[in-house]
Each structure stands twice: as C-alpha cells, then as structure tokens.
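This is what each chain is made of:
There are 4 protein chains.
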Amino acid sequence: MTIRAAVLPAPDREIEIRDYPEPDLAPGGVLLRTSFSEVCGTDVHLQDGRLAGVPYPIIPGHVSVGVIEKMRGRVVDEHGQPFQEGDLVGFMDVVGSCGKCWYCQVARASTRCPERKVYGITLPADGLFGGWAEKILLRPDVQLLRFPSGLKAEDYIGGGCGLNTAFHAVERAEIRLGDIVLVQGAGPVGLSVSAFAALAGALEVWMIGAPRKRLEFGRRMGVDRDWDLLATTPEQRREEILALTHGRGPDVVIEATGNPQAVTEGLDLVRDQGRTIIVGHYTDAGEIPINPHTQINKKHVEIRGCWGSDFSHFYRSIQVLAKNKDRFPWRDMADRTYRLDQAQEALQAVRRQEVVKALIRPNE
Amino acid sequence: MTIRAAVLPAPDREIEIRDYPEPDLAPGGVLLRTSFSEVCGTDVHLQDGRLAGVPYPIIPGHVSVGVIEKMRGRVVDEHGQPFQEGDLVGFMDVVGSCGKCWYCQVARASTRCPERKVYGITLPADGLFGGWAEKILLRPDVQLLRFPSGLKAEDYIGGGCGLNTAFHAVERAEIRLGDIVLVQGAGPVGLSVSAFAALAGALEVWMIGAPRKRLEFGRRMGVDRDWDLLATTPEQRREEILALTHGRGPDVVIEATGNPQAVTEGLDLVRDQGRTIIVGHYTDAGEIPINPHTQINKKHVEIRGCWGSDFSHFYRSIQVLAKNKDRFPWRDMADRTYRLDQAQEALQAVRRQEVVKALIRPNE
Amino acid sequence: MTIRAAVLPAPDREIEIRDYPEPDLAPGGVLLRTSFSEVCGTDVHLQDGRLAGVPYPIIPGHVSVGVIEKMRGRVVDEHGQPFQEGDLVGFMDVVGSCGKCWYCQVARASTRCPERKVYGITLPADGLFGGWAEKILLRPDVQLLRFPSGLKAEDYIGGGCGLNTAFHAVERAEIRLGDIVLVQGAGPVGLSVSAFAALAGALEVWMIGAPRKRLEFGRRMGVDRDWDLLATTPEQRREEILALTHGRGPDVVIEATGNPQAVTEGLDLVRDQGRTIIVGHYTDAGEIPINPHTQINKKHVEIRGCWGSDFSHFYRSIQVLAKNKDRFPWRDMADRTYRLDQAQEALQAVRRQEVVKALIRPNE
Amino acid sequence: MTIRAAVLPAPDREIEIRDYPEPDLAPGGVLLRTSFSEVCGTDVHLQDGRLAGVPYPIIPGHVSVGVIEKMRGRVVDEHGQPFQEGDLVGFMDVVGSCGKCWYCQVARASTRCPERKVYGITLPADGLFGGWAEKILLRPDVQLLRFPSGLKAEDYIGGGCGLNTAFHAVERAEIRLGDIVLVQGAGPVGLSVSAFAALAGALEVWMIGAPRKRLEFGRRMGVDRDWDLLATTPEQRREEILALTHGRGPDVVIEATGNPQAVTEGLDLVRDQGRTIIVGHYTDAGEIPINPHTQINKKHVEIRGCWGSDFSHFYRSIQVLAKNKDRFPWRDMADRTYRLDQAQEALQAVRRQEVVKALIRPNE
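Protein chains in written order, with my numbering: chain A, 23 to 386; chain B, 23 to 386; chain C, 23 to 386; chain D, 23 to 386.
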C-alpha cells in the first residue's frame with residue numbers, strides 16, 4: 023500500500039505527485055486519512071522560496087482535517103479521553119516546542135521557542151508531514167483535537183489556519199464589551215477576526231478591504247460597515263470614520279493585510295488611548311515611516327504584534343466555531359475544492375487571488 | 023503689595039520682569055509663596071513658539087513647590103485633612119479636566135480631556151498661573167499635595183516635572199520582578215525612570231545616553247550598566263546587549279530621548295514578546311521608518327505611548343521619593359539655581375544643555 | 023404649577039402622594055418629565071429602613087428615564103453635543119463624587135468616594151431628587167445620557183438599574199472568548215449578566231436560579247442551560263456541572279443572588295484557576311463558612327467583589343443594549359406598570375416577588 | 023559504591039538510614055552530589071501521613087542544591103548552554119507536568135496538571151528522588167538551574183522552597199509602585215514575601231506574626247513595621263493599621279500563615295478595591311466565616327489563591343536573590359544544619375518550631 027502526496031520539490035518548482043510507503047507508527051503516533059487540507063498564501067511563499075529553514079522537498083498543507091485510520095497505543099485528548107479509529111480530528115500544525123527553554127518557560131512565549139516545527143512547512147516530505155497527501159503521519163508530539171459533535175470537516179476547514187491566527191489576534195486585542203473594532207484586510211484572517219471580534223463583545227465591527235465581493239462576504243462574518251480600499255482614499259476613510267466616532271476613531275484596530283501602509287493608516291485612525299494589533303505581517307513587506315510623537319506618544323496608544331498561536335487558541339476557536347457556525351458562515355470561505363493532482367492548479371488560483379481559499383481533497 | 027514675576031511676553035522674546043497686584047482669592051483658592059520653580063525643556067519650546075494654544079504672555083514654570091501663604095475657606099488634601107498656612111506643598115500643574123467628557127468618563131483617559139489646562143503653559147500671566155513668580159495663585163480646582171514629613175522642597179524639585187512623567191512611564195511598563203530594563207536617554211525623565219524602574223522590581227537597569235557626566239550620575243540613580251551614545255555605534259550596542267542577554271535583548275525598553283532613532287533602536291533591542299514604552303516624544307521630532315514584520319509582528323512585541331500624568335502618579339511618586347531620597351539623589355539632579363531676574367539666563371543654560379536642570383528661586 | 027411625587031416619609035411607613043412647587047433651575051440644571059421610573063429591591067430595603075444615611079422623607083426611584091422639559095443654559099453630553107428640550111434621556115443616578123479624594127484620584131475607585139450621593143436613595147424629597155414623580159430635578163452635576171436613535175424608554179427601563187450593575191460585573195469577570203460562564207441568580211441583575219456575558223464572548227451561559235418562569239425568561243436572555251434552585255440539590259447540580267466540564271467546573275462564576283450559600287456553592291463549582299464575581303451582596307445577608315485551603319488557595323481561584331458602577335458602565339451598557347435589543351428582550355423584564363398613586367402597591371408586588379420588575383409611569 | 027539516604031518508611035514512622043546502589047542514568051539524566059537539602063513543614067505533614075498520593079517509602083527533601091557529579095549525554099540549561107560536571111545547580115522539584123492536558127495547554131495553569139510529581143513528596147525512595155541523600159537522581163525531565171556566578175549554595179538554601187512560593191505570591195499580588203503591603207505570617211514564606219514585596223515596589227512592608235525573634239529577623243528582610251501576634255489583639259492591630267492609612271487599610275495583604283483566622287483579618291484590613299493573596303493554606307486547616315457583603319462585595323476587593331509555582335518563578339527568584347543577597351539575608355533564615363543521620367532530629371526541631379528552617383547536609 024502506498025500513499026500519494028503532492029510534493030513541492032524545491033523553490034520555483036511545480037508541484038509533483040509522488041508515492042510513499044505507508045510509514046511505521048511510533049508509540050503514540052497516528053495515521054490520519056485526510057479529509058481536507060488547505061492552500062493558503064504561505065504555500066505561495068513556499069513555492070517562491072521566501073521562507074527560511076524549509077527542508078525541501080516538502081508536502082505542503084499545514085492545516086488539515088481527517089479521520090483517524092490507525093494509532094499505535096493509547097492516544098488521549100486534552101481531557102484524557104482516548105481517541106478511537108474513525109474519529110474526525112483536527113491537529114495543531116505546530117509541534118516540537120521544547121517546553122524547557124527560556125522562551126517556553128520563563129517568558130511563557132512558546133511561539134518564540136527555537137525548536138518549533140510546522141507541519142507542511144518546516145518538516146520534510148518523506149516523513150509524510152503535510153496535508154496534501156492521502157494520509158498524514160502525526161508524530162507522538164502532535165496535539166490532536168476531537169471535533170465537537172455536529173462540527174463537520176467542511177465547517178472547520180473553511181476557517182482553516184486563519185482561525186487560530188485570528189483568535190489569537192482578537193484575544194490580544196482585549197476587546198472591552200461595547201468597543202468599536204476596525205479590521206484592516208478582507209482575507210481569511212481579517213474575515214475570521216471580524217466574526218471573533220463580534221463574538222468577543224465589539225459593539226460594531228468595521229472593515230477596510232477589497233475586493234467588493236469579499237467585503238460583501240464580510241457582512242455575513244459580523245462586519246457592520248465597510249470601506250472599499252479600491253474605491254476610497256485614505257482621506258475619505260479618515261473623514262468618515264472620525265465623523266462616526268465624534269472625531270475620535272475606533273477603540274481597537276486589527277491589521278490583517280500584510281501591507282505596511284495599513285499600519286500607519288491604523289495608527290492615524292485608532293482613538294487616543296486605543297489599541298492596534300499587527301497580525302498581518304507574517305512576511306517582510308518592507309518599512310513604513312511612523313511619527314513617534316503624533317502616532318504613539320501623544321496618542322497614548324498601544325501597538326501589539328501578534329505571532330503564531332498555541333493549542334489554547336486552537337481549542338477555543340473550535341469550540342466557538344462549533345457553537346456559532348450557523349451564525350457566521352466560515353464554511354463558505356472556501357470557494358473551491360481541488361483533487362490532489364490539481365494541487366498546482368489550486369496554488370495558481372491562490373497566487374492569482376482568484377479564490378479566497380482553495381481546498382485540497384486528497385481522497386477524492 | 024505687588025508680586026514680581028518673570029514673564030514670557032510672546033514667542034521669540036526674552037523673559038521680562040513684571041509686577042502684578044496681589045490677586046483676590048476665590049473660595050477654595052490658595053496663594054502660594056514660591057520656594058522653587060523649575061526650568062525645563064518645555065520652557066525652551068515655549069520661547070520658540072513650538073507649542074499650540076499658549077495664551078502669551080505667560081509666566082512659565084509648570085512645576086513648583088512652595089509654602090501656603092493665604093487660603094480662602096477650608097482647603098483639604100486627598101485624605102480630607104485641611105491645609106494650614108505655612109504648609110509646604112507641591113501641586114498638580116494640570117487643572118481643569120472636565121470629568122464629564124467621553125475621554126474623562128468612558129475611556130478613563132483624563133490626560134486626553136480637551137479641557138485640560140497646564141500651569142505655566144496654557145494659562146495666562148495675569149492670573150499668576152506660573153511658577154516663575156514670587157507667588158502663585160492656585161485656583162480652587164488645583165490639587166495640592168502636602169509633603170510627607172522629612173521631605174524638603176529641594177528633595178522634590180530636583181526631580182520636578184520629570185517625576186510624574188517617569189512614574190507614569192514605569193507604571194505603564196508593568197515591570198515584572200526580575201526584568202532587565204533598558205532606559206534610552208539620560209535627561210531628567212530618563213534618570214527618574216531609572217530610579218523608579220529599580221524600585222519597581224527591575225533586576226538590572228541599563229542606560230543608553232550622553233554625555234558621560236550624566237551617565238555617571240545615572241549610576242547613582244539605579245543604573246547598573248550604560249552605553250555612551252557618543253562613544254558607541256548602534257551595532258556595538260546591539261552586539262553587547264544581545265551578548266548580555268543570551269541573544270534575546272532586554273525585557274523592557276523605555277524611550278526617554280525625543281529622538282526618533284531611539285524608537286527604532288529600541289524595537290531592535292527589546293526581546294521578543296517584550297515591551298517598549300515611548301515617553302520621550304512630547305514634541306514632534308519627525309518620522310522614522312519601522313518594519314512591521316521584523317520589528318512588531320514577528321517579535322510579538324508591545325509598544326506603548328505614554329502621555330501626561332494624573333494626580334495618582336504625582337501622589338505616588340512623592341511617597342516613593344520621600345522614602346528613597348537617601349538611596350537615589352534626586353536632589354542633586356538640579357545643578358544650578360537662579361534668581362527671578364536671572365530667568366532668561368537660566369533658560370539659556372537649559373537651551374544650551376549646560377545644565378541637567380535649572381531652578382528658579384523667586385524669593386531670594 | 024405643582025409636581026406630584028410618591029414620597030416615602032420614613033422607615034416602616036407607607037408611600038404618600040405629595041405636591042411640590044416647580045423648582046428653580048441652577049445654571050446647568052435640567053427638569054425632566056419622567057417617562058418611567060423603576061421599583062427595585064432597594065426600594066423595599068428603603069421602606070424597611072435597612073440602609074444607612076438615608077435623609078427621609080425621600081422620593082424613591084433611583085433609575086428613571088424621561089424627556090427634557092426645561093434646561094438652564096447649555097447642557098452638553100459626553101461628546102460635547104448640546105441637549106435640546108424634548109430629548110429622551112437617561113441619567114446616572116450617582117452624583118457628587120468629589121473627584122479629588124484619595125479614592126477618586128489615587129485608587130481610581132470613584133465608587134468608593136465618600137461624597138457620592140444617589141438619586142432616590144441618599145438625596146432628600148424636597149429637592150425632587152427621585153424618579154417616582156412627575157418631574158425630576160437634575161442637578162448640574164448629574165450626567166445625562168442621550169439615547170441612541172431607535173432606543174425607546176421601554177427598551178431601557180426594562181433593564182433599569184440592573185444594567186449598570188450587570189455590565190460592571192461582566193467587565194470585572196474578564197470573560198475570555200470561549201469561556202463557560204455560570205450565573206447564580208435569575209433576578210434582574212442575573213438576567214442582564216447572562217445577556218452581557220453571552221455578548222462578551224461566553225461559549226455557554228448557564229444559570230442556577232428560580233422560579234422556573236424566570237429561568238424560562240433566562241433562555242431568552244442568553245442562557246443555554248439552567249438548574250432550578252428549588253428542584254435540584256447542590257449535590258445534583260455539582261454532579262451535573264462537573265460532568266459537563268470534564269470534571270473541572272465553569273471558567274467563570276458570577277454570583278447575583280444575595281444569598282451567602284451561593285458564594286460557597288460558586289467556589290465549589292468554579293474550575294481551578296477560574297474567577298468568581300460577587301455582585302449580589304449589596305446588603306448584609308450574614309456570614310458563610312469558607313475553607314481557605316480547598317476553596318481558595320489550592321484552587322488558585324480569584325474572587326472579585328463588584329460594587330457600584332460609573333458612567334462608563336452606563337454609557338456602554340446603553341450602546342450595547344441599543345444594538346442588541348431585538349436579540350435579548352430586556353424590554354420584557356418589566357412585567358407590570360403602575361401609576362404614581364399605585365406606588366405603594368407596586369412596592370408590595372416587588373416585596374412579595376410577584377413581579378420580576380415593576381415600573382412607575384408618573385405621567386399617566 | 024552505595025548511596026546513603028534518610029528514608030521515611032511510612033506514615034507515623036521515624037526516619038531510617040538506608041543504602042541504595044548507584045543508579046543507571048537515562049539519556050539526559052543527572053546524578054547530583056547533594057550540598058544541602060531542606061527540612062520544611064511539608065516534611066512534618068509527610069511523617070504525619072496528612073498528604074494524599076505519597077508512595078512510601080520516600081526520601082524527603084523536595085528542595086535541594088548540589089554539584090553535578092555525572093551526566094548521561096548533553097544536558098542544557100534554559101539558554102541552551104550545556105551543563106558541566108562540577109556545576110553548582112538547583113533544580114525544580116516539580117516534574118512531569120504533561121504539557122498536553124487541558125490545564126497545561128488551554129488554561130495555561132500547569133500547576134493544576136494532574137500528572138505533576140514532586141521530588142521528595144510524590145516520588146518513591148528507590149528512585150533516589152529526594153534530597154535527604156548523598157546523591158539525588160535527576161530524571162531527564164527535571165529542569166536544572168545553573169547558579170549565577172557568586173551565588174553560593176548557602177545563599178540559596180536559606181530561602182529554599184519558600185522562595186518560589188513567595189515569588190509567585192508577590193507576582194500574583196501585582197504590587198503597584200508605592201503600595202503598602204501587609205504580610206501575615208513570619209515563617210519562611212512570609213519572610214521571603216517581605217523581601218520580594220520590598221523589591222517589587224512596595225512603599226512600606228508591614229508584618230503581623232510571631233514570635234518576636236522572627237519579627238526582628240523580618241526587619242532585616244524588608245519589613246518596615248510589625249505587630250506581634252501574641253502581644254496584640256486583632257482590635258488593636260486594626261485600630262493602629264487604620265490610623266496609619268487614613269482609615270483605609272493597606273493596598274495589598276498577603277496571607278502566609280496557614281491559619282484561617284488570618285484570612286478574615288486580612289479581609290477586614292485590606293482597603294476597599296485592594297487585593298488579598300492567600301498563599302499560606304497549603305493544607306486544610308478548616309473553615310472560617312466570611313461575610314460576602316462587608317468583606318467582599320461592598321469592598322470591591324480581590325482575593326487570589328496562589329498554588330504551586332513553575333520554572334519561571336524559580337528562575338526569576340534566583341536572579342533576584344543573587345542580585346540582592348547582601349541587602350536581604352536569606353542565608354541566615356536557616357538557623358541549624360544537620361547530618362544525614364540526624365534527619366529525625368532535624369524533623370523534630372521543625373515540628374517543635376525550635377528553628378525557622380533546618381538544613382540537611384548529607385555529605386558531611
């Protein structure tokens with residue numbers, strides 16, 4: 023029995039389909055039959071060779087969902103309940119945090135642990151450590167999460183890797199019940215941020231983004247008001263937003279764009295003594311001028327970077343998603359599904375922004 | 023009986039000595055016989071006309087200390103204890119926060135109240151609302167503070183207006199017992215920040231500043247290690263500071279320089295998931311490029327502006343000063359005292375940075 | 023022109039109707055034509071003489087809503103916008119916080135200011151300082167709040183004084199998105215706590231209370247699951263709640279009962295490292311034994327008392343109410359409306375718990 | 023070669039000396055030559071059989087310090103620096119937290135992990151898992167800590183297990199620079215709490231405790247003022263403490279007594295909107311009546327239990343100790359040292375409170 027996988031052999035190469043032998047399981051290891059895996063912007067960066075420390079060839083797909091096909095020994099969930107073959111599960115793509123270093127222990131900042139590895143990004147193809155494959159090998163240190171009853175694979179994978187990131191950003195924003203929250207960016211992270219912000223107590227959620235179609239979808243994800251980035255100028259937006267807030271600006275701004283311009287626009291817009299979260303800059307998009315007097319000191323503002331996520335965000339985002347899946351249509355964020363042999367095509371569609379989110383369904 | 027005062031008639035003019043009639047007191051008003059008033063960088067900005075909303079002519083001197091000469095009616099301190107004539111008191115230079123607006127009440131950000139006025143800055147000379155005068159008229163809404171027993175006028179005025187600012191910055195830094203704190207800037211604010219940071223739980227306080235003489239004084243104000251800004255390059259400092267922190271950087275950075283370059287250097291130096299306080303940019307010194315990926319998002323860092331202060335900072339800083347005045351020599355931060363008719367000279371000395379801090383002693 | 027009011031002459035006396043002359047307005051004063059005033063448990067305590075510092079005779083009714091009939095001079099809202107005659111407004115029943123004492127300024131705990139007075143409770147009848155009257159005199163230091171467009175008097179008064187209290191309790195609970203929140207008590211405060219907790223990020227809101235009819239109403243106010251206090255034992259509740267939380271208990275418990283037994287039950291139920299808010303004990307209902315080892319130290323739990331509220335809670339609760347009034351039926355919490363001359367009857371109905379909330383409509 | 027150890031065979035038995043063969047080391051394991059181990063109140067409880075889950079026979083001594091005699095493979099510290107034979111190290115007595123369960127991951131409350139084991143308490147004698155032995159076997163999951171240069175074994179062991187506990191309590195107290203902190207209890211934890219509170223920003227540290235001799239030692243550990251529990255009544259203490267705080271009480275109270283009476287006295291004393299930490303109730307000493315109205319709700323107070331500690335507290339407390347060992351004489355808290363064969367005698371001395379702290383020096 024072999025396992026088919028879509029492999030990225032090296033930077034600037036196309037995806038290839040390869041066969042791997044079924045792996046042996048270590049005690050505590052799990053073999054997952056993949057229901058869906060995600061194609062996201064990071065996968066484009068991987069193909070372009072823009073990330074450091076990637077052990078090509080790799081099987082892309084860091085966030086996936088599947089059914090347990092095989093386990094070696096007893097594997098338990100976070101409540102100590104054993105998993106069964108046939109269980110529908112997601113898993114934390116980040117593994118290997120050492121739990122012993124200064125960042126893990128003294129700073130309690132496990133996302134800064136130098137030992138962290140990520141499925142589909144910094145683990146090699148021959149381990150079957152990526153989601154664009156019929157099966158995924160979960161090492162014993164992978165944290166699985168059993169889906170709450172009623173939550174389907176499709177409900178979850180629509181949110182995908184943006185769920186954890188958005189949840190972490192909203193947690194870090196410490197929204198106070200009644201705050202006005204402005205979200206910058208209408209991509210998967212921005213859209214999940216909107217829904218979570220609405221659920222976390224925002225009085226209103228506003229969005230600046232593009233294109234129009236995504237903003238329309240945003241209205242279904244908790245956005246009360248939006249500005250089309252392509253149809254308005256920063257001056258127009260500023261004027262309107264100040265007029266709506268008695269000249270003050272929103273209480274909280276969450277940047278989820280990756281565009282440095284958004285950072286300075288956010289600082290101009292956020293009210294004095296407000297809070298700005300920077301979560302969209304996972305890759306280097308260059309510098310932007312900031313004025314420390316007018317944009318930071320005098321405003322008494324707080325700016326918080328937000329990097330990575332941990333199992334706490336994963337666990338909670340899934341509970342919240344399961345409860346609110348009928349209110350906010352995460353499911354519909356994925357607009358197209360591809361077979362394994364169409365992986366290159368899926369990657370192209372994401373690269374060209376033809377889709378909000380593409381999925382791979384390897385066993386179809 | 024007239025009252026002599028040093029008056030700044032208008033921007034770009036020299037200080038003049040003028041006489042004012044002794045004012046009538048409103049109920050709750052106080053006439054203070056000035057022991058000392060301070061000359062600080064803000065006074066230079068006032069002479070240069072760089073601040074908005076200044077009702078020239080003004081009597082400069084926003085932070086002062088004196089003895090109650092006269093009161094109308096009962097005036098009580100924050101504990102409800104009545105003041106007596108002859109009491110040595112300081113007072114909060116900020117008055118007039120309305121207590122009713124959105125910033126005062128909903129955001130609990132009284133330093134952003136649009137009604138705030140500041141003695142010696144945004145109140146007119148003919149009200150006797152500044153410290154460079156034999157006597158100061160304290161409106162009924164001024165908050166006086168009785169000095170703890172044993173605290174002399176000289177002990178306090180050495181710290182002066184930097185005390186409140188520094189106290190607020192250290193409070194906002196939320197130093198955790200055992201943190202390494204890097205202070206940028208060796209002026210009055212930076213020096214008080216050092217002492218307060220040491221008292222608030224810093225394991226070590228480090229300073230980047232100049233000139234050498236101030237750094238030497240810093241060693242008496244709690245600094246354990248310093249870098250001379252004029253004798254080192256940013257690269258040298260970075261290399262040494264990373265070497266001292268296992269490659270991570272200090273836990274907390276507090277910028278007290280007014281130089282935009284310091285902001286970006288601070289962001290480069292602070293450890294991942296650390297905190298940077300921007301307190302030195304009370305005036306506009308221009309922009310600086312920031313990289314949102316490498317300096318904010320990926321570092322998971324927090325940047326906090328710090329503007330103004332309130333009575334809480336004043337009250338607490340005085341208690342802490344009174345307790346620790348023998349351990350940290352705030353008294354010696356003032357290196358020269360001037361008579362009222364030397365006010366222009368004092369201002370020149372501050373402008374040329376010939377002194378750390380100049381004092382006016384109007385009744386000498 | 024005289025103004026009719028329902029007056030409580032002294033403890034243990036019945037309500038009487040009296041006439042007052044229309045008062046003169048001080049500059050900044052407002053005369054309000056009362057739309058509704060509330061009858062709440064505090065009014066029963068007032069009649070029983072259980073509160074200290076009450077200057078009988080008083081006009082009860084601390085929380086009211088009305089229309090501005092007359093103003094003297096310009097009166098502005100928190101945004102600086104002037105009020106007009108005919109505006110529908112609520113107002114903060116707490117007035118007179120001095121803004122100068124140690125609690126107001128150093129501790130930033132204005133609800134502990136010794137100068138605070140409360141309309142309908144600690145202000146005398148002859149000032150027209152209570153809501154059970156055709157008109158209410160608002161002193162210049164009263165903070166009025168203009169209702170957001172679309173919010174009717176009925177929408178607000180259903181929540182009434184419980185809104186502020188509940189909002190403050192939920193804010194103090196610092197609910198994290200995804201928390202399970204257990205509310206103890208199905209009275210007006212508990213019901214508003216449920217709705218605010220649901221809006222502030224609770225995954226699930228559970229309620230222990232009685233009678234059944236109020237629990238049913240709770241289901242419309244955000245409660246996902248409930249236990250009837252009269253139909254279950256503490257052991258049953260504990261068993262079921264632990265079974266629902268993998269043996270751990272809810273993340274947050276908010277006590278809104280006034281029954282000391284609830285405090286110890288809450289401490290037994292809340293999960294280790296969870297948080298319990300005590301907001302139901304506004305009057306002294308006696309002691310309860312607590313075990314510091316098993317209920318506090320070993321659980322690493324946090325217990326927070328919650329007293330009073332400020333304009334921030336009032337402002338935000340009204341914004342949140344206006345946005346969510348169709349989702350949560352605060353309006354329906356008031357189940358009976360009385361004329362002014364029926365005030366004694368209304369008080370009796372509240373005393374006998376025949377109603378959740380009674381309203382007085384003085385101009386009917 | 024055999025290793026001598028002092029063994030507690032079972033509850034209510036005397037300590038016996040036994041010989042064990044030198045153990046094999048697992049990869050990452052360390053054999054430590056014991057410099058000192060501690061005798062603390064927990065050891066008395068162990069002899070009395072008052073703790074659950076103890077796998078008798080055990081080698082007591084949960085906190086120890088020693089020199090690395092042997093290692094298997096590369097063992098690194100929290101900075102990734104390898105240990106060497108001959109290094110002086112302490113180690114975290116808590117091991118085995120799973121890092122995967124709900125408490126470890128979702129609640130981030132590792133001290134509530136059900137898998138935790140503690141050296142000298144819940145690990146068996148034949149593993150050499152306790153400090154009252156010539157050598158201690160450190161499992162690969164033990165977190166070692168290299169002592170900062172200049173810190174001697176004696177400097178550290180004087181503080182011993184109370185260091186972590188006290189550090190955690192002070193961290194949880196969130197002392198604000200300028201707070202007045204009242205410590206209840208003059209035992210090892212209370213004394214370390216005093217020093218850490220002084221270092222963390224307390225304006226004044228006050229202590230209620232006994233006997234007089236310990237209070238005198240407290241003066242060397244940062245205490246500014248004290249009350250002898252045996253020579254004063256609660257009424258006297260309350261009267262004096264209120265008089266010293268303008269009738270309000272201290273900002274923070276930290277209970278470190280184990281006496282339930284102290285909890286209610288602390289709640290009576292702490293100021294409104296203050297904070298009380300309960301850290302002294304590691305064992306069950308019974309219940310105490312609390313009044314939810316007067317002691318919690320109306321005071322708007324916060325009560326925080328504090329259980330266990332993690333490597334963060336250990337790491338930071340050692341850094342802070344090393345920096346301040348000349349200012350605060352932790353070294354002198356240990357007043358008597360015993361040989362291994364005197365362990366029973368040492369335990370008796372602690373039981374009879376003849377010593378503040380007894381040490382075992384197994385290789386003497």
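Derived from the structure by calculation, the hints contain no laboratory data.
Hints may contain errors.
Note: identical chains are not told apart, hence a pair may lie in one copy or across any two.
To be verified - Straight-line Cα separation of at most 25 Å, DMTMM-like style, residue types lysine to aspartate or glutamate; simulated pairs:
hint	residue 1	residue 2
1	Lys122	Asp109
2	Lys235	Glu156
3	Lys174	Glu107
4	Lys122	Asp46
5	Lys174	Asp148
6	Lys347	Asp99
7	Lys174	Asp41
8	Lys122	Asp99
9	Lys235	Glu262
10	Lys122	Glu137
11	Lys122	Asp294
12	Lys92	Glu107
For each hint, the structure was consulted:
1. Proximity of lysine 122 and aspartate 109 under a CA criterion of 25 Å is satisfied inter-copy only: 19 Å between copies versus 32 Å inside one chain copy.
2. When the C-alpha separation of lysine 235 and glutamate 156 is checked against a cutoff of 25 Å, the pair qualifies neither within a copy, at 33 Å, nor between copies, at 54 Å.
3. Only within a single protomer do lysine 174 and glutamate 107 lie at most 25 Å apart by alpha-carbon distance; the minimum there is 17 Å, versus 55 Å between protomers.
4. Taking the shortest alpha-carbon separations for lysine 122 and aspartate 46, only the inter-copy value of 23 Å comes in at or below 25 Å, while the best intra-copy value is 28 Å.
5. Taking identical chains as interchangeable, the C-alpha atoms of lysine 174 and aspartate 148 are never at most 25 Å apart, the minima being 29 Å within one chain and 50 Å between chains.
6. In this homomeric assembly, lysine 347 and aspartate 99 come within 25 Å of each other (Cα to Cα) only inside a single copy, at 23 Å, whereas the closest approach across copies is 40 Å.
7. Taking identical chains as interchangeable, the C-alpha atoms of lysine 174 and aspartate 41 are never at most 25 Å apart, the minima being 28 Å within one chain and 60 Å between chains.
8. Proximity of lysine 122 to aspartate 99 under the C-alpha cut-off of 25 Å is found in both arrangements, the shortest distances being 22 Å within a copy and 8 Å between copies.
9. For a Cα distance limit of 25 Å, the shortest separation of lysine 235 from glutamate 262 inside one copy, 21 Å, qualifies, whereas the shortest one across copies, 46 Å, does not.
10. Proximity of lysine 122 to glutamate 137 under the C-alpha cut-off of 25 Å is found in both arrangements, the shortest distances being 10 Å within a copy and 17 Å between copies.
11. Taking CA atoms no more than 25 Å apart as the test, lysine 122 paired with aspartate 294 passes between copies only; the shortest distance there is 17 Å, against 40 Å inside one copy.
12. Proximity of lysine 92 to glutamate 107 under the C-alpha cut-off of 25 Å is restricted to the intra-copy arrangement: shortest distance 6 Å within a copy versus 44 Å between copies.
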